[in-house]
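K.L.:
Sequence:
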Amino acid sequence: MTVDIIDLDDPEWKDLTSLQMSMVYAAQIEKNELIAAGEEQKRQTFYRMLSNNVVRSVARVYYEERIDAETAAKIETVKSDLIRQLRYEALENTGNEAGPYRYPENPNYSLTPSQRFIVVRDYYMSTVHDPDARLKAYSIDTLARAYLGEFYETLYDLLATYC
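Converting from the sequence shown to our numbering requires adding 1324 to each position, the first position being numbered 1.
No lab work stands behind these hints: they were computed from the structure.
On a predicted model such as this, the values are computed, not experimentally measured, just so you know.
Ideal Cβ placement from N, Cα and C applies to all residues, glycine included.
What you were told as hints is all true, and nothing was included just to trick you.
Result set (DSS-like, lysine-lysine): computed pairs, CA atoms no more than 30 Å apart in a straight line: (1) 1398 with 1366; (2) 1398 with 1355; (3) 1338 with 1403; (4) 1366 with 1403; (5) 1338 with 1398; (6) 1366 with 1355; (7) 1355 with 1338; (8) 1355 with 1403.
Restraint-style ranges between C-beta atoms, simulated for each label pair: (9) 1349 with 1396: 18 to 24 Å; (10) 1413 with 1388: 35 to 41 Å; (11) 1367 with 1454: 51 to 57 Å; (12) 1434 with 1338: 20 to 26 Å; (13) 1371 with 1449: 46 to 52 Å; (14) 1436 with 1376: 46 to 52 Å; (15) 1484 with 1394: 44 to 50 Å.
Construct the complete structure from the given sequences, taking the supplied hints into account.
P.N.:
Quick look at the structure:
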């Protein structure tokens, strides 16, 4: 997938976490869907005007410009929302009085359960490279059991598939 909703080479967005990248991908998918919906709306307008023998009318141009403007406004809303979310997430990642957020030393309890899942998964995937040792280390991690809740078994099953 080509990401063009924000410039990932920009120094502000160069070092995004996996959680932030998932936000970017979700916004990119939403942008692509908005563009596709706008193109479909223009296509329907074209065929409706073609059936009424006014396809060469200036009205078609105005309709298409209006659709393009509405689509651009919706995309700008998605982009500004994404930027706000990324900046908020960056503030949330700074930490608390116990230091910067980092699993397992100082877990961030303000994350949603699915975001916690990603944090713990990334921790185990980056620190333990042997799949069997990774599964064993995860299975004895009592903090993960409490931190992930219902997602604990899901991550266990995921890590077991690598063995």
